[in-house]
Structure formats: structure tokens, C-alpha cells
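Asks: Please model the entire structure based on the sequences and the hints provided.
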Amino acid sequence: DSGVTQTPKHLITATGQRVTLRCSPRSGDLSVYWYQQSLDQGLQFLIQYYNGEERAKGNILERFSAQQFPDLHSELNLSSLELGDSALYFCASSVVPGEGFSYNEQFFGPGTRLTVL
Amino acid sequence: KNEVEQSPQNLTAQEGEFITINCSYSVGISALHWLQQHPGGGIVSLFMLSSGKKKHGRLIATINIQEKHSSLHITASHPRDSAVYICAVATLIQGAQKLVFGQGTRLTINP
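Residue numbers (our numbering), protein chains in the order written: chain A, 2 to 118; chain B, 9 to 119.
Where hints are given, some of them may not hold.
[To be verified] Calculated pairs, DSS-like style, for lysine-lysine (alpha carbon to alpha carbon, straight line, at most 27 Å):
hint, chain 1, residue 1, chain 2, residue 2
1, B, Lys-106, B, Lys-62
2, B, Lys-106, A, Lys-58
3, B, Lys-76, B, Lys-63
4, B, Lys-106, A, Lys-10
5, B, Lys-76, A, Lys-58
6, B, Lys-62, B, Lys-76
7, B, Lys-76, B, Lys-61
Honestly, the hints are just simulated from the structure, not real lab data.
Quick caveat: nothing in here was measured; it's all calculated off a predicted structure.
Replies: Quick look at the structure:
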């Protein structure tokens with residue numbers, strides 16, 4: 002158990018709908034990362050937050066948004082869902098983001114499996 | 009060409025065999041993760057390394073920074089080692105450390 006929690010574990014919804022995925026980082030971790038794992042694309046970085054502020058963006062669609070709250074939990078909002086959004090969504094956390102060429106280890110949550118029908 | 013390439017993509021072996029999974033990358037890195045993903049989907053970090061070699065039980069990970077190559081070895085493989093193994097490199101992109109992932113190696117160990 003990494004100490005990172007994600008809810009829900011599974012989510013089934015229809016095209017056009019909106020869903021919210023939730024992540025609680027390890028105790029003491031200030032940085033949260035979201036990743037998408039689809040069958041054809043593998044694991045891809047979506048977005049990173051540090052202490053409530055967006056820190057870095059990856060391949061995140063405009064229909065997706067995220068935020069990190071004062072208690073450090075994070076939510077990933079996916080709207081106007083399409084069949085291709087079906088994937089595993091992982092959250093990871095680290096103490097702080099790496100600075101410059103320094104990397105701080107990330108710990109992964111169990112993931113949320115999203116199925117869009 | 010992907011920035012992180014793993015080989016082989018699929019590997020089937022008999023219980024007890026010595027397993028090697030390779031990872032080559034083309035970017036400058038700060039660190040490299042080896043991750044394990046079981047059929048249930050959860051990801052577990054096996055190793056994080058930036059130089060040399062690390063050992064944990066039957067698992068050994070090595071990295072050669074000059075050659076931009078890492079290997080994951082499993083000694084005395086067991087059916088419970090069956091999983092997808094993913095190499096991920098931490099690299100500086102647009103001022104932030106980001107993980108870039110290989111496509112994974114699906115390992116099946118038969119009893």
C-alpha cells in the first residue's frame with residue numbers, strides 16, 4: 002500500500018457525461034500528479050499540482066481539468082466524455098516536486114478505471 | 009521513435025528461469041523507475057535508481073547512464089511474478105520533472 006488513495010475504484014458512464022475522480026496523497030506529500038493509461042497510448046502524464054497550484058501540464062485535453070484543495074486532496078474532472086476517454090486514471094504523489102535536475106520519488110495510487118459507454 | 013523503449017514487449021518463461029527486461033531511453037534523465045502492474049491494474053514502484061545497481065529480494069535493477077540503458081532482472085522466476093513491468097524515466101521538460109513511460113513488458117511465468 003503506497004498510502005495514496007483514489008476513489009472511486011470503478012466508474013461506468015455514458016458519452017457526453019461528466020465525472021470527477023478523487024485522489025488523496027500520502028500523508029505529508031504536497032505534490033500530486035495525474036496520469037492516464039489507455040490501451041493504445043500507455044501511461045501518459047496529464048497534470049501536476051504542488052501545494053494547491055498547477056505546476057506542470059502534459060497531454061491533458063481541454064475537456065479535462067483538475068485542482069488541488071487546501072487539504073491537498075486533488076480532483077480530476079472529465080467532461081463531455083467520449084468513448085476514447087475509457088482508461089485507467091492514476092494519481093501519484095511526492096513530498097515536493099523535483100527542482101531542476103533533482104527528482105523526488107512518486108508513489109502511485111491504485112487507480113480509477115473509467116468506462117465510457 | 010519513443011523516448012523510452014522497452015524490450016521485449018512480451019515474454020513467456022518457465023518457473024525458475026532468469027528473466028531480463030531492458031529499457032533504453034533517449035533523453036537526459038534525473039532518475040529511472042521500474043514499475044510493476046498486476047492484472048488488477050495497480051502500479052507498484054519496484055525501484056528508483058539514478059546510478060549503479062539495486063537489489064531487492066529476487067529482483068535486481070541496473071542502470072548505465074552513459075549508454076542510456078537499464079535492465080531489470082528476476083532470478084528464480086515464479087508465476088506470481090507474472091505482470092506488466094514498466095520503465096519510467098524522470099526528465100526535465102519545460103522546467104518541471106516529468107515521468108515518461110515505456111510501453112511495458114508483459115511477463116508470463118508458467119509453472
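Asks: Mind listing which of the numbered hints don't hold for this structure, in increasing order?
Replies: none
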